[in-house]
Structure formats: structure tokens, C-alpha cells
Amino acid sequence: MGGTEAARRGGLIGSISTTYHKILLNPSYKYLLLLLGAPVNLVVFLFYLVQRRKDDYTAAENRIRSAMLASGYLEALQAEIAQQQKRKHEFFKQKISEQQLQQEVERIAQARFKEELRDRTTKELLLNNKKRLTMADTFDRLIANPLFFIISLIPGLLMYILIFLYRSPYLKYIVERLAMTILVIFGVAVLVFTILYLSPFNPAANILGETATPEQIAAFNKMHGLDQGYLTQLWNNIKGIAYFDLGKSFSGNEDITNSIARKFPITLTLTVISLIIAIAIALPIGIISATRPNSFFDYTFMFVALIGLSIPNFWQGLILILNFSIKLQWLPATFNPENWLSIVMPVIVLGTGLTASVARMTRSSTLEVIHEDYMITARAKGLGKQTILMKHAVRNAIIPIITVIGLQFGGMMGGSAVTEKVFNISGIGSYIVDKQFIPDIPAIMGGVVYTAITISLVNVIIDILYAFFDPRIRSKMKQY
Amino acid sequence: MIKKLQSKQGTAHQLKSSPEYRQASFTWVISLTLSVILLLNSFDFAGGALKPWVFTAFAAYALFTIVQMIITLLIRRDLLRTGDIRRSTRLLGYIQLLSIITGNLFTVTFGFNLVKQQKPPEYTIAVYMLLTQLYVIAISALNLFKPYVSNTFLPAMFILVVVAILQLIALLLVAKFVTSHYAHPKLVWLALPIIVTAATGNIFALVLGINLLAKIRKNGNPAMTRWSDVWIKLTANSTAMAGLFFVIFLFCLSVCSVFTFDYSVAIDNNYSAILLPPSLEYPFGTDNFGRDLFSRIVFGARISLIVGFASTLIPVIIGGILGAISGYYGRQTDNIIMRLLDVLYAIPGILLAIAIIAAFGANTVNLILALSVGAIPTYARTMRANVMLVSTYEYVDAARAFGSSNFSIIFKHIVPNSLAPMIVKSTLTIGAAVISTSSLSYLGLGVEPHIPEWGNILKIGSTYLETNSYLAIYPGLAIIALVLSFNFLGDGLRDALDPKLD
Chain R
1 MGGTEAARRG GLIGSISTTY HKILLNPSYK YLLLLLGAPV NLVVFLFYLV QRRKDDYTAA
61 ENRIRSAMLA SGYLEALQAE IAQQQKRKHE FFKQKISEQQ LQQEVERIAQ ARFKEELRDR
121 TTKELLLNNK KRLTMADTFD RLIANPLFFI ISLIPGLLMY ILIFLYRSPY LKYIVERLAM
181 TILVIFGVAV LVFTILYLSP FNPAANILGE TATPEQIAAF NKMHGLDQGY LTQLWNNIKG
241 IAYFDLGKSF SGNEDITNSI ARKFPITLTL TVISLIIAIA IALPIGIISA TRPNSFFDYT
301 FMFVALIGLS IPNFWQGLIL ILNFSIKLQW LPATFNPENW LSIVMPVIVL GTGLTASVAR
361 MTRSSTLEVI HEDYMITARA KGLGKQTILM KHAVRNAIIP IITVIGLQFG GMMGGSAVTE
421 KVFNISGIGS YIVDKQFIPD IPAIMGGVVY TAITISLVNV IIDILYAFFD PRIRSKMKQY
Chain W
1 MIKKLQSKQG TAHQLKSSPE YRQASFTWVI SLTLSVILLL NSFDFAGGAL KPWVFTAFAA
61 YALFTIVQMI ITLLIRRDLL RTGDIRRSTR LLGYIQLLSI ITGNLFTVTF GFNLVKQQKP
121 PEYTIAVYML LTQLYVIAIS ALNLFKPYVS NTFLPAMFIL VVVAILQLIA LLLVAKFVTS
181 HYAHPKLVWL ALPIIVTAAT GNIFALVLGI NLLAKIRKNG NPAMTRWSDV WIKLTANSTA
241 MAGLFFVIFL FCLSVCSVFT FDYSVAIDNN YSAILLPPSL EYPFGTDNFG RDLFSRIVFG
301 ARISLIVGFA STLIPVIIGG ILGAISGYYG RQTDNIIMRL LDVLYAIPGI LLAIAIIAAF
361 GANTVNLILA LSVGAIPTYA RTMRANVMLV STYEYVDAAR AFGSSNFSII FKHIVPNSLA
421 PMIVKSTLTI GAAVISTSSL SYLGLGVEPH IPEWGNILKI GSTYLETNSY LAIYPGLAII
481 ALVLSFNFLG DGLRDALDPK LD
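Those protein sequences? They're chains R and W, same order as listed. The UniProt record's numbering numbers the first residue of the first sequence as 1 and each following residue consecutively. The UniProt record's numbering numbers the first residue of the second sequence as 1 and each following residue consecutively.
Isolated chain W, as found in the complex (with noise of 0.2 Å):
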């Protein structure tokens, strides 16, 4: 009894300690949902009509799901024989690959995963860089469909596939030249350009730039950086990549849309083309003006984007330097600020945010304004328990000793070595700012109607709720997908910045 137990456990233990094992149970799971709901929406319930396109879609994703549950049990049966993954089964991963025509990213960076055994964070970060490419050019090329697309569309998409063709050689030279300790110093001449395609938007490419200057940099040195120890803790954790991997790719198709999107399909009335459903040409359909949905969806992102950030970045950093010397110098400065920005604390978000709107008008910068105070307290407070705590360190005491100024004491000791909870805080409450900027932009509250913005977006598809559900759907999807994307990212980043499970 006691042994069947003992070995129980110690099977559940090996499955579990193995990460290609639990992303393996994690990404069929994940697959089979998605099968599952494209089967749902495949069937068109009121008529009895098949949709074929949707179900074209779900049998590609349940073929890949078949395969991936195949190649669970085969990992599976390895770990408990031998104890390792042998090679065969590795090379199924190859398939997987392949499903990167269905889209479904789970299963293509599973692939990417299981067929190389030792995984540098920057192999991760240059699969993840790839496919972010990838996507943005299968997005674009969605618009070879329009009867007419933007003048830069052509160059733009030239300039997107070399940059891919060049992220793909970098993916390759990577995964043979970087090891988890060492790269190879002349992956310098890689590095380079790497961080010139940033400029497409695509961070992960200025991340895997910066992660290979400075792993050739520090190389034969064993000692770890903060900042290599974040990037292994979170390249391993596949929702926060999935999270990461959707906010990059968001940003961007934000910068790409710019060239290779038509921004008047977006916002000028087209009256031939009014309320139509989802088509090739119109991927999500088009709204009561004539307006493609799908476009002005795209244009969306970069305002949600941008009003989350902003509205972020604000609050954290007056919060932060409200929170930084009242936690440092404490007694009256501390109650002072902190009775003062109680005040503030006690009217919820929302309706400071409405009454700042009330009395300012409602336009984007307002919106960043008003949300951006309702934040402060809370971001005021948690620096302020951070940098209480810092302050009590002894490197605090010798740069006293040294007779550091109390502003060079704040600012250059303690506050750079409390921001992990502030980033971890910021991560987690942007997805509530997009939020609320769509709420409030469907309350009329927010950005300016006539722009394309997801809360107005939506607010146009509740009044066809009726007969164009669509209209309301799609938007609300996309601010779920981000604000879920960033959710798991602050989530994984907590992971990775907690000290505590060290």
C-alpha cells in the first residue's frame, strides 16, 4: 500500500517536474477549447446550415489537437520509463510546427519547445519574435482582399517579409549558437540588426538583441543578472509568454497598420457596403456606416494601447514619488501625504474619473488625466511599503555613511531596488485601465466618438445587438484577449520578480 502510494507520488512528481510534460497537458487542453468552440460557431443553429470556412478551421485545429494528445502520451510514456524524453518523440514536435497555418500559437511554440532539449531564454524570445512577425504579415496580407489597399501596402509587406526572413535566420543561429551559458561572440553581427527590426514594433526582437549583447558580454562569468534570472523564470512559463507574446503583437500591428492598413476604410462612410457580415473582404463585417469592422478594430488597438500605458505611467510615476518620500522620511511628511491621498482613494476610479470628465469634456487626454489620478493612491502605497522596507537595508545606512544626499539616497538606492512590485502592480492594473477606457467610451464618457476606438466600437454594435450581434462580439473580444494577455503577464511576472520563491 505504502509503496503504490510512495509511487504515486514519485510519478506524479517526475511528470510534474518535467516542463515539456506539463506544457504538453497545458496546450491540448487549451487546443481542444479552441476546437471545441470553432465547432460551436461552425454550426449556424437557426438556419441548420453549416458554416464551411469555420469548419474547415475547427478540423484543422482538432487534427492538431489529435496530435498533440498523442504526443502527451508519448512524453508521457517516456518520463515514466526512462526518465527523459527520447528523440523520436521530440521530433514529432516537427509536426506541430506546422500548425502555425491554423494560427494556433499554443501549439506552434509547443513545437518550437519540444524539438530543442536545452531551451536558452533568448531560443524562446527569438520563437516568440518570429511568430509575432509572422503574424502581423498574416494579418496584413488580410487586406489583399479589399478592392484597394493603402499606397505604402506594398513596400511595407516587402520590408515585413524581409524582416521575417531575417528573424528566421536569427531564430536558426540562435538555437545553434546560444547555449544557456555561453554565445558565440561574433552573434554581435546578428545582434545588431536584430534590434534595427525593433523598429517594425517587434520588442521581442529589441529584447533578444539586448539579451544576446549581454550574454556575450558576461560570457565564461558564471554570476547571474537580475534581469537574464527574470527572462528564464519567464520564458518558461508559457501563459505569461502567451500574454506577452499577444501585447507585443498588438503593438506591433499598431506600428505596421500605420503602412499596410487603409485608415479611410476604417472611419469614411461607405454606403454600398452598409451592415454586411463577416465576409473574406470584410473579415468581421461592417458596420452601420459601411466601415470595416475588422480595420477599425486594428486602429483600436493603438488607442487602448496607448490610453492603458499612458494612464499607467502617469499614476506610477507621481504615485511612486508621492510613495517614495513619504515612506523615506516618514512621521508628518508621511500622514500628510498619505491623509491627502486617502482622499483621492475614497472615490472610486470610475466616478472620479466621471467627474473629471464632467467638468473637463470628454476627449483622449482627459480620459488619460482623469484615469491617471484615480491611481495614484494606489500605486503611492505600495511604494511606500516597499521603500519602508528598502530603507532598512544596510546598504541605505553606508550610503548615509558616505554622505549621500537624501534625494541621491531615494532615488538611486532605494527606489530602483523597490520597483518589482510596482511593475508587477503596473502590469496587472493596465488591463484595468483598458478597461475602463472602453467603459467609458461606451458611456460616451471616453474618446471622441468619431474615432475608431473599441468602447465606441462597441457602442455602435449595442444598438444592432439584435440583428448584428457581430458588431458588439468582435470588440469585446479584443479588449478581453488584452486585457487577459496582460492579467497573465502580471501574473507570470509576479512569478518571476518574487523574491520570496527563491
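Pulled out of the complex, with its shape left as it was, chain R reads as follows (with noise of 0.2 Å):
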């Protein structure tokens, strides 16, 4: 095998060449590998034409083809399929003139002595142990040589950095990832801009006012952007929010990339508090339930988290405004960044949603290994209750765990446009309720997609660590 010589040789080169036999059976990277090293593979390629001409195959095809005319094979062929041919015609009662008949054969005859001639030739090379030279033989050869290699560095950048990702399956799984997401995020803002181009609306009418003349409508539409095609605006937005640069906003006339990264941050970081204070009540009240199935406290526990699924946000918040601002005054009904206590309410209307979810997934993934053999094993070992619970039981069930808790962190920052609603938060889902009334097309779609990528950023690092974290999907990823 030329890959195997090659990985004995050792070596960056070694690896090169094995790394492009592998891409070049993966049926869709082959096509980027090729595409990307274009210049370089256009060279291989047409030494490959070359000595293809004089290699092994061509040359045992060629004693075959010979051996066989020679034996009368394929007269013997034609007479058969001739005789085929014509008995089927009359079976079929058709007629036929002799000299269609002759061409029938000859294509037929054709067809077949090309077929068993290449059987021959494979079944003589198997036997003896020689192969069809291949482009990745080729370039093997070529690259072999380090002139090669040094002047196609250049030409061929792109291919050696696609050779370089491909060779470590954790890094290729990566920059798989991240390539996806960035499609997903290009995806997000497209169909975000879609939905409020073809909105009805009218920003301009509903800004200026009834009383606006069609040439100041004409002039907003103009300053704006609002005149251009579809294409061109949804290019303008995809480029600003790729430059963080979206312009104005249709009211108000602020800067709304300044805005959002004004709000986001609080968004965000009531987002984690909350998320971090949920995660720690959550996974104990889960466990404890799971050991302890069908008790008084699994029971009640269970219960508690399935009303804290059933509350609606806005309510629980405005009972809790209801109690603790309004009859004890105990904490501040609305959010100032000054008062910590403020922030109070707000990461416990927030977590709960999170805290019953959490906590009911981690019951039943705990349930789900807690019968698993290994626990029995791990018992009869006579470790101890406490190292089987930690160790054994808790790390496998982990991983679910964590799948909700990322895809809970995404609907955590939807929801909280409704929370900071209530305890009057300038967030980002403030400033996108706020903004769509009008719609402001460009601050909505800031706000939107800002969020959709956070949270696909999140997600793809929750994937990546499971990679690192889980040793089943490391072996699988290796398979590749």
C-alpha cells in the first residue's frame, strides 16, 4: 500500500500523503480537497494521465485485450449475441433490417468484451499483488520529493490546512462544528431579514406620522436604506452585524450596535446567575430524588419542580412583586444595576423555569443508570455508597444533563425578554419588544440574531466539551 509506505517513512510528509489517500475517499470532502488545491491537483492530475499510460493495469489490460482477440473471443461473441438477437426478434415478432441487426451486436459484443476484460485484468493484478495506480499514488510520488512540496506550499495553502484539520479527528470535528454554526448564524439572519422585509408595515409611515408628505417618506426610505431591493438590504444587514455595524436605528436616531452592547451584558449576566444558582439547586434535589424513588421527598420534590415548570414567568414574577415589594418591602420592584438586591427577584423568576427542568432530568437520567450492571459491580467491589453515587452514577448521567441545560440556556435567553418586561430590565429582550412595534427592522434583527449566535456559541462549546469529557464520543469520532 502506498499509504503505509508513506506512514513509514515518517514524517510531515508521511502524514500529507496519508491524509490525502483518506480525503480522497470521503465522498463530500473530496470535492473541497480538490477544489481547494486546485492548482496542485491540476499538476497531479496530469501526471497521473501520464503514467497511467505505463503502469501495471495498462500494461497487463494490454497483454489481456491481445491474448484475447487472439483466442477468437470476441467472434465467438458476436455470433452468440447474434443468435440471441435474433431469436428474441422473432419471439417478439419483430422486424428487423440485417444491418441494424449487425450494429445491435457489435454494440452489445462491445460492451461485453470491455466488462470481462476488465475483470481479467483486476483478477491478474490481484493475483499478482499489484494494484491500479491511483491520483493519491501519484501524488504520493510527487510529494515525496521535497522540491515538490516546497514550491506547491504556496499554490496549494489551502489544500495542506484542509490535509492539516482532516488529519486529527478532534480538530476536524471542530472546525466541523464551527463551519455549521456559521451557516446556522448566516441561516438565522436571513430568515430573521426575511420575515421583517416582507412585513406589511411601514416603519416610515408609522415614525413620521400620518401627516408625512410622500417625499419625506421617500427621503426616510432613502436615508434608511428602504429603497434597495431585497438582496441588497438583506447583504447590507448580514455585512453589519458581521462588522457590528448596523447603523441607526428608524426612532430615536441611537447607534444600535452601541445599544445592544449596552444591554446585553446585563442580559447575560443575569442569564448565567441565574443559570449557575438553578444548576446548584437542581442537581442535588435530582440526585436525592433518584435515590430515594417513590419516597415522601422524591414525591414532593417532583411536584414542586412540576409547578415551577407550569408558572408562567411574568406572573410569578408579579406575585413575587406583589409580596415582597409591595406588602413586606423587603427587596425593590424594579431592577438598578446599583442595588444588588434588585437583582434578587429577577434570577429566581428566571431560574425556576430552569431549576424544575434540570431538576427532573437529572431524576430520571440518575434513575435511568442507578439499574445500569455497572452499578451492581461497582457495589459488589464494596465501594462505598457515596463513591458509587459520585463516581459510577452521577458522571454517566451528566451528560443529558447538560444537553438541557444547553438547550434551557437558549430558551433562558428568549424568555427573559418577558422577565425584564416585568421588573422593567433595559436588556435586549426589552429593546426588542420595545423596538418591534415600529419595526425596526435592523434593531430587531441585531437583537435577534446577537442572541441567536450567543447561543449557538454556547451550544457549540457545550459539544466540543462532551467530546473531551465523554470517552464514547471520542471513540466514535475517531472511527471516522
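Warning: the hint list may mix true and false statements.
Calculated pairs, DSS-like style, for lysine-lysine (alpha carbon to alpha carbon, straight line, at most 25 Å) [stated by the list, open to error]:
(1) R:130 / R:22
(2) R:248 / R:222
(3) R:327 / W:51
(4) R:130 / R:88
(5) W:459 / R:327
(6) W:186 / W:16
Simulated from the structure, these hints should not be mistaken for lab results. Just so you know, these numbers come straight off a predicted model, no measurement behind them.
Now that you have both chains on their own, put them together as the hints suggest.
Right, dumping it as C-alpha cells:
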């Protein structure tokens, strides 16, 4: 095998040619590789065409062809086929001219001959332990020459980067995941913009009022680029998102990216704090419930968790305000960054749903794990209850829990719009809600897309962390 | 020591394997909680006065809770002594039947369960059917305290009472003539009129009728069908049945309210009755325009149910079809569909809904569409995973060998066999849809503000939080009750449909 030989030669070049072999076998990466290293691959292809003329396969093929022709195989084949065709036409009562018949026979005979020739040649090569030259083999031979490598380094840089990334399964996985995320984010931007573009509302009329003249509306549209075509506007918006410059908002004339940058950290801090607190509460509750299934504890906790899932955020916020701000006057009703007490209620409201779902998930996934055979083994080994629970049960149960946390993080970022409105927090959610009445297309788009980007990135990080922590996923990755 | 431990375990097992004992302990805990809540609410902490009506309710609840505790102890003693519940203990169940006057669903159903030793699912369904009807009648009867009622009130109430009597007869007949494997063939003549009574919105009646017909058809045939198996498991689960009861009760009430409630009380301004506190005439008080909050909540139920069901059904169908195609064909088809759905999945549901509503305006249809679009990917993923599993089964190969087309394989063989997780998932997410609906309405992005919808009612209530907090509390409780019911039902369905537990 060329590949293994190259690997035995070792070093950088060896691994490059091994990876090249591998990529060419992969149906989707093949085209990417050929495209990225087009100049280099063209040269390799030319070499391949030349070398192919005189490789073992061509030689064997020529030899066998002449042998077959000499033995009169083609004539026998033609006679046999002619017989068959005649019988067939007789049976179907078809009239056919002699010349047509001749052509038909010739065509079928050639095809059958080629097939037979290929079969015999492959067999022969197999017997002699030789193989047909492939493009990857040509590349092997060329790359073995350091000069070729150095010259091809500049035109084939992209290809070499691809080879480098493909070589390590982890890197490949991470890059694939990131590329997918970028595509998804691009899709999100297109989708949100298209929805807003299709809107029957007219922002100009909404902002300028009913008394606006057509000239004023036209000027407004021109200022914000609303008179341009769909694709131009889409491109400008996507560019704006990528460069963090979405221009001025329709009303108030404020810089959108600036406002979002000011409001985003508030939402994010709130989300992260409630996430941490929720996990800190939910994990122990879930584990305790799982270790005592169907006990009083379990029923109570799960009942409370179910209620937590069923409470609408805004209602919970209102009830908290009613009790703790209006009646007891312990906590301020509205959020104020300087007063840390004011963050307590929003965090509770935002974290309730997450706490409930994580506790439920922890319980069910720990319960599933607890009856596995390896738990009995661990007990049989004489391990302590704590060790079994922590090292064997929870570690194995944590994967689906992390998935739920990742998913819920997205829900929290979105759901924060309601909580922010209740507590009068000037975060990204209430910003989007405020802007939607106009509708302020770039502001809504910026808010939604940046939120989606944050969520996607968090999910990418979670996915990558999995790959490093879960040996099952790691070994699956290596099999590619 | 070991003997003691064994006997302790044996006791626990003996008690846990008795469904009556489990339900009894569950019931007294719930009943006690309700009593405590009523007790706390019967004191006006600011004024230091006692609210007589709430305190009476508390007393009634407390009484039945004490009876419940005694019954629980008796059942425990019976089980430990003889391993069976004695007849005299079962007769105590009739006392709990009386608790129907207090409206405590849990003690009533417990009473019905205790008095009958062998409980085929039809019996339990019939009990819930009757209870639903009685509750609807009771709620509708509250309109009698109003200065005027709608024109159709009296005939509608008359029909409801007749239906309830019919259903009571049905319950008695079912209790007498239906066992777990046999139903008297003449009950066909009962099943048909019972199905007709489902026109009042009482789905339990429909289920009972169908179950009876199915049972009569396979009399003497020991085979179990999936449908009856699911009902056996579901009726044994009291929380799931309570959830189902509340959903069907609200549905029935929504249907009946067309005739028994006066819509004008809920939407017309009445300046002589502004911001009144709860009273018999206005059970939940009135809002800032003098509209009856109770009627508004009753009329809001139908919006919540319609939006909840529609915004779950649409993504179940679209997502289900996409997921089925994706899972069946695999490869490129799968890749393209799932990558496109990933885009939808990356945007949080509420934000996507806000963006869609921002673009097309706030009304009920747009709200349903906006909530549906965001939920498509979740269902598509669930369906895809199931279809991928089911398409490896032999009967799919057999269908292919028969020469069935891909279309008929997918929709005749694969989809019906991968529906169970979809049903569970959709039940659990209807609750989420109900919450989203009211949240968006609260933000002014959902149902039109003039329609009495729970979120809209809460929006008004939130501005009177300091002075008239009941305006915000009752609609919120209604939302929680509905969502909680869907969640209980979903959990129960998952337990009933999960093949792993078989």
C-alpha cells in the first residue's frame, strides 16, 4: 500500500500523503480538497494521466486484450449475441433490417468484451499482488520529493490546511462544528431579515406620522436604505452584523450596535447567575430524588418542580413583586444595577423553569443509570455509597443533563424578554420588544441574531466539551 | 435484625402494591395542603378579620381531610393484618363521596375508587365523566347570582342536568355490568346515547362510549389492544387523570359557556361596578371597566385551549412529516432538511414569535403561526429519531418486499408506529404553548387586547397590583392549573405509552 509505505517513511510528508488518501475516499470532502488545492491537483492530475499510460494495469490490460483477440473470443461472442438477438426478435415478431441487427450485435459485444477484459485484468493484478495507479499514488510519489512540496506550498496552502485539519479527528470535529454554526447563523440572519422584509407595515409611516408627505417618506426610506432591493438590503444587514455596525435605529437616531452592546451584558449576567444558581439547586435535588424513588421527598420535589415548570414567568414576577415589594417591602420592585438586592427577584423568576427541568432531567437520567450492570459491579467491589453515586452514577448521568442545560440556556435568553419587561430591566429582550412596534428592522434583527449567535456559541462549546469528556463520543469520532 | 429489616421491606412492599393505599396517602396530603391554603386565605392579615365564606370552605375541607386520614390508617391496618381491604373500610368511601359538595376532586375520586373493588377503566372514566358534568353545572349555576342571565341559560342548564342524570345512570350500569374482561352486550344501547352526550364537550363521554363498544366487540377475546392497555394504565394514575379531568372540564366549560354564560358581562363596560372585590355576584371581582373577571376567565379558557392545541397541532403535522421524510430517506435529504431546521432551532421560540408578530401584526392567527413555526424543529427531531428506529423493523422490510411505495410505507407502517413519543411530547408542550400565548399577550404581542384572554386579563391586573391584586392572581392561577394539568397528563401518558416500562 502506498499510504502505509509513506507512513513508514514517517514525518510530515508521510502523514500528508496518508491524509490525502483518506480524504479522496470521503465522498463529501473529496470535492473540497480538489477545489481548495486546484492548482496542485491539476499538476498531479497531469502527472497521473502520463504515468497511467505505463502503469501495471495498462500493461496487463494490453497483454490480455491481445490474448483475448488472438483466441477469437470476440468473434465467438458476436456469433452468440447475434443468435440471441435473432431469437428475441423472432419471439416478439419484430422485423428488423440486417444492418440494424449488425449494429446492435456490435454494440452489445463491445460492452460485454470490455467488461470481461476489466474483470480478467483485475483478477490478474490481484493474483500478482499489484494494483492500479490512483491519483493519490501519483500524489504520494510527487510529494515524496521535497522540492515539489516546497513549490506547491504556496498555491496549495489551503489544501494543506485542510489536510492538517482532517488529520486530527478532534480538530476536524471542532472545525466542522464551527463551520456548521456559521452556516446556521447566516441562515438565522437571512430568515429573520426575510420575515421583517415581508412585513406589510411601513416603518416610515409609523415614525413620521400620518401627516407625512410622500417626499418625506421617500427621504426616510432613502436614508435607511429601505428603497433598495431585497438582496442589497439583506447583504447590507448581514455585513452590518458581521462588522458590528448596524447603522442608526429608525426612531431615536441611536447607534444600534452601541445600544445592543450596552444592553446585552445585563441580560447575559442575569441569565448566567440564574443558570448557576439553578444548577446548584437542581442537581442535588434530582440526585436525592433518584436515590429515593417514590418516597415522600421524591414526590414532593417532583411536584414542586412540575409547578415550577407550569408557572408563567411574568405571573411569578408579579406575585413576587406583590409579596416582597408591595406587602413586605423587602426587595425593590424594579431592577437597578447599583442595588444588588434588586437582582434577587429577576434571578429567581428566570431560574425557576430551568431549576425544574434540570431537576426532572437529573432524576430521570440518574434513575436510568442506577439500574445499570456496572452499578452492581461497583457495589460488589465494595465501594462506598458516596463513591458509587458520585463516580459511577452521576458522572454517567450528567451528559443528558448538560444537553438540557444547553437547550434551556437558549430558552432563558429568549424568555428573558418577558422577565425584563416585568422588572423593568433594560436588557436585550425588552429592547427587542420595544422596537417591534415600529418595526425597527435592523434593531430587531440585530437583537435576535446576536442572541442566536450567543446561544449557538454556547451550544458549540457544550458539544465540544462533550467530545472531550465523554470517551464514547471520542472513540466514535476516531472511527471516521 | 435481618428479620426485622425483611419484615420492614415486606411491609413497605405490601403497602406500595396496593393502589388504594397509594391513592389514599396521596389524597390526604393534597387535601391537607388545600385545607392549609384555604385556612391561610381565610384570615385577612391586614384587617385582622375572618372571611366567613373561606373559613367555612376550610372547615369543610378539613373535615374531609380528617376522614381521609382515618381511612388511610384503616386501610394500612387492614393491609398489614389481612393483606386485603375489609368491606367495612370500603364502605367508608361513601362518606368521601359526599365531599363532592366541597368540590374537592381528589377526595371524591378516592371515594369512588374505594367503594369498588374491581375497577375496569370504564368505571373510572364514567366517574370522571359524571364529575366533569357536575362541575360544569355547578360553575354555570354561579350565574344565578347575577342580575340577569343569558337567554339560553335555562334551557341549557336543563339539558345539562338531563345529561348528568343520564350519565349517573350510565355510571351505575357500568359499575354493575362491566368487568375488566367482559361488558354486557346490551350496553351498546347505553354507549350510543353516551357518545351523543359528548356534544356538551365532555370528551370523557366519548371515550367511555368508544371503550364500551370496543369491549363489547371483543367480549371473550383475551387479546389486549394498545388502546385499552393505555387506558388501563392511565386510569390507574390519579395525577394524570386529575390533569385530564381539568383539561376536559375546561373544554366542556368552554363549549357550554356559549349557552350558559353571558358574553356581554365579560366584555361590556359597566361603570356602576368598577373594581369590586370578589362576591357571589362577581365570584372573582370586577376589573377597571366593571367587567366580571370570572366570566372573562371562563371565556379566556377557550382562547387558551384553541391557541394551545392549534399551535401544537400545526408543528406536529409539519414537523412530523419533515422528520418522517428525513428519517426514512436519510443521507442528503436528511442532511438538507435537518440543516434547514437547525436554523429555526437556533432562535429561541419566544424571540422568533416576537419577530414574526413584529412583522405581521398582533392577532390570534399570527400568534398561532408564530408559535407553530418555532416548534417545528423539536417535533421533526423527535419524529426523525423514531422513524429511524422503526424503519429497521422487519415489518417495514416485509412491506417493501410486498412492493409498497415509499409513501405508503412511511404513512401506513412507520408513522403510526412512531406516534407515541410525539403524543407525549405534544401533550407536554401544549402547556408551554399556553404559557407562551399568555406571555405574548401580556407583552401586547398576542391576542388582540379587547378579547378576554388570560394574558390580556393579567396585563390589566398587573396595573392594579397594589390595590386590587386579585385581578392578577386569579387569571394566573387559571394558567398554572391548565399548564399543570397538561404536564401531569403528559407525564402520565409517557408512563402509559413507554414500552420500556412493560
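Checked hints:
1. R:130 / R:22: 20 Å, holds
2. R:248 / R:222: 13 Å, holds
3. R:327 / W:51: Answer holds: residue 327 of chain R to residue 51 of chain W is near 19 Å, not above 25 Å.
4. R:130 / R:88: Outside the cut-off at roughly 42 Å; violated.
5. W:459 / R:327: 20 Å, holds
6. W:186 / W:16: 38 Å, violated
Of the hints listed earlier, those the structure fails to meet are numbers 4, 6, in rising order.
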